[in-house]
Amino acid sequence: MRSTESNVTQSITQVIAASSLGTLIEWYDFYIFGSLAVIIGQQLFPSDAGASALINTLAIFAAGFIVRPFGALVFGRLGDLIGRKYTFLLTLVLMGGSTFLIGLIPSYSSIGYAAPILVLILRLVQGLALGGEYGGAATYVAEHAPVGRRGFFTSWIQTTATLGLFLSLGVIVLTKNILGAKNFADWGWRIPFLVSILLVVVSIYIRMKMHESPVFSKLKAEGKVSANPLKESFQKKANFKMVLVALFGATMGQGVVWYTGQFYAQSFLENTCKLDFNESRYILLWAIVFATPFFVIFGSWSDKVGRKWIMLAGMLLGVICYRPIYQYFLDATNVKEMQKTMLLSQSEPVVERGLVPGKADSLITTTVTKTLTNGMTFKESKVEVITEDVLAEVPAVETVIKDVTLSQSSYVVIILLVFFQVVLVTMVYGPIAAFLVELFPTQIRYTSMSLPYHIGNGVFGGLVPFIATLIASFQGSTPLSGLWYPIGIAALSFIIGAVYIDNRRDDNVMD
Amino acid sequence: MSGLKKILGLLWIALGPVIIIFLFMQAADKIGAAAEGIARTNTTLQWAIIILIFIPICTGLVIFGYYAWKGEYDHLPESSEEL
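For the record, the sequence lines run as chains W and S.
At the far end of the first sequence sits residue 1488, using the numbering used here, and the numbering has no gaps.
At the far end of the second sequence sits residue 87, using the numbering used here, and the numbering has no gaps.
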């Protein structure tokens, strides 16, 4: 008896390791594009505005996220028709291949508009592949997991998204530090993309050795595989209403909490608070390191107390805490005010002369590095435009603050606050795979759970940085105005989840 | 709880069109405020993407509200046989 239990544990451990590794690599591939979007934009798109700017907008902002639900439909259907194993093997090859190819695409100066078009196509393939991958991996693990421990085992799959982000940030920071900023911007940015192929080959080798899910195999042997999973998922009211409640009551709120904690936080620190490139990434890296075990803690806990209230508590805490947290970020980095009373020293000015892009006007940038008494440093640049047209109105001198580094105490507090946000991510995300798997029958599980997951994460979540930044740019808005988007969506999802979702665990996923 | 589910269903039915109208109004406002040229084209494109994405989602919210109002969520299925 003990030997059988040991075999089961060994088997499920192998299943988790093989599934997680592939999923982690897919997340890594997906995130390096996002993390390097600015550099990719500079290399593969023309510097002056034009038709390519439209492609740029599509590629960077939307394409990868928007096609994820379509990937969920295409590969979800395949997974329910031909099996879990071969489908997510295919998504892995597509993701790895397209990532590797992005690393090989010549720059805009070599092949012109073909560069951004190729990037857009490959980004679409990445999004489709990711849309197919996660549902397969979660379903595969859940269908292997023993009764009563599904939350615990699937939570390991849940860690991969965060670890994929960690890996991508780590590889980028490491490559940049080794090569230097200039080499990294010129050609070094390709390395994180090219490295992906090695990881994918290893993962394909491991996945090839895996067996099909026992639940799906049984279904196939009995000839009960769905003939048309899409039709059964979305045309049958009983299934479709569950897809809707999963989307509005769970994955929608989970998606915005996820992307606020792990993307908007870093974007806000870097772009709004003007924190140094490396410092903003180190903060997120530390937060992820400390918070990642909580995926497993909350996943395991959900086996005992149910999935619903853990996920909803994460959403509610986000609704309550986001504004005070981001207000602290602003206050702790407000060097403009601090320097009035705390300026310790400043460096000799460095003057750079150049031209305004696309114009004949001259640009003079004078930069000084300032140090405050609390140990913070930052660069202050005064940008002056000298117009060619002597009759033209003289533009005002613009002061730009950048590369802010924090005091020791603020650094620690901000890591803790980002850590707290990632813990909220683990609350909403840790139990959700088990929750979704239990909501749908085996025949249409891959299709049915993938769609709400990818609309919630890819659309509601993936658009958080974009929509929040857009709202913050409206006239009369403050830097915190963008938070109303994730707060509003999380609040709505909390209400729907609290009223309509059941806290019951479904032990039988064999049906 | 069933009563609350039904009443809120009416709210979700109303919320779908309200969100779409709000998005169209915001889009018209922001596109109108954008500078002529590529900035306006980019703003138009961004809002077109947002509206295109949220129309089917809001339609889903209306259907969800309709199901709730009709009492479809009064009892959630406990096994796949009920689906």
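It should be emphasised that the hints constitute simulated quantities derived from the structure, not laboratory data.
Some clues are possibly wrong.
A few chain W residues that don't get close to chain S, going by computed Cβ distances all over 10 angstroms [said to hold, decoys possible]:
id: 1; residue: G1089
id: 2; residue: L1095
id: 3; residue: V1172
id: 4; residue: A1215
id: 5; residue: K1218
id: 6; residue: M1219
id: 7; residue: V1362
id: 8; residue: V1377
id: 9; residue: I1392
id: 10; residue: Y1477
Computed far set for chain S versus chain W, every beta-carbon distance over 10 angstroms [as the list claims (entries may be wrong)]:
id: 11; residue: L12
id: 12; residue: F28
id: 13; residue: A32
id: 14; residue: E40
id: 15; residue: I57
id: 16; residue: L65
id: 17; residue: W73
Cβ-to-Cβ under 8 angstroms is the rule here; a few derived chain S residues that face chain W [stated by the list, open to error]:
id: 18; residue: K9
id: 19; residue: I23
id: 20; residue: F26
id: 21; residue: L27
id: 22; residue: C62
id: 23; residue: G64
id: 24; residue: V66
id: 25; residue: A72
id: 26; residue: L80
id: 27; residue: P81
Since the model is a prediction, treat every value here as computed from it, not as a measurement.
Backbone N, C-alpha and C define an ideal beta-carbon position, used for all residues, glycine too.
Consistency of the hints with the structure:
1. G1089: holds (18 angstroms)
2. L1095: Holds: least Cβ distance 20 angstroms, greater than 10 angstroms.
3. V1172: holds (31 angstroms)
4. A1215: violated (5 angstroms)
5. K1218: violated (5 angstroms)
6. M1219: Its Cβ does come within 10 angstroms of chain S, the nearest being 7 angstroms, so this is violated.
7. V1362: Label holds. Min Cβ-Cβ 18 angstroms, cutoff 10 angstroms.
8. V1377: holds (20 angstroms)
9. I1392: holds (33 angstroms)
10. Y1477: Non-interface label fails for Y1477(W): nearest chain S Cβ at 5 angstroms, not farther than 10 angstroms.
11. L12: At about 6 angstroms from chain W, L12(S) fails to clear the 10 angstroms cut-off, so the statement is violated.
12. F28: holds (15 angstroms)
13. A32: About 14 angstroms separates A32(S) from the closest Cβ of chain W, which puts it past 10 angstroms; holds.
14. E40: holds (12 angstroms)
15. I57: The assertion about I57(S) is violated, with a minimum of 6 angstroms to chain W.
16. L65: Per Cβ check, L65(S) is inside 10 angstroms of chain W; nearest 7 angstroms; violated.
17. W73: Given a closest Cβ separation of 12 angstroms, the condition holds.
18. K9: holds (6 angstroms)
19. I23: violated (10 angstroms)
20. F26: violated (11 angstroms)
21. L27: Where the cut-off is 8 angstroms and the nearest Cβ of chain W is about 11 angstroms from L27(S), the hint is violated.
22. C62: Since chain W brings no Cβ nearer than about 11 angstroms to C62(S), farther than 8 angstroms, the hint is violated.
23. G64: holds (6 angstroms)
24. V66: This interface hint is violated because 10 angstroms lies over the 8 angstroms limit.
25. A72: holds (7 angstroms)
26. L80: Holds. Min distance 5 angstroms.
27. P81: Check passed: Cβ of P81(S) comes within 7 angstroms of chain W, closer than 8 angstroms.
The structure does not agree with the numbered hints 4, 5, 6, 10, 11, 15, 16, 19, 20, 21, 22, 24 stated previously, though it agrees with the rest.
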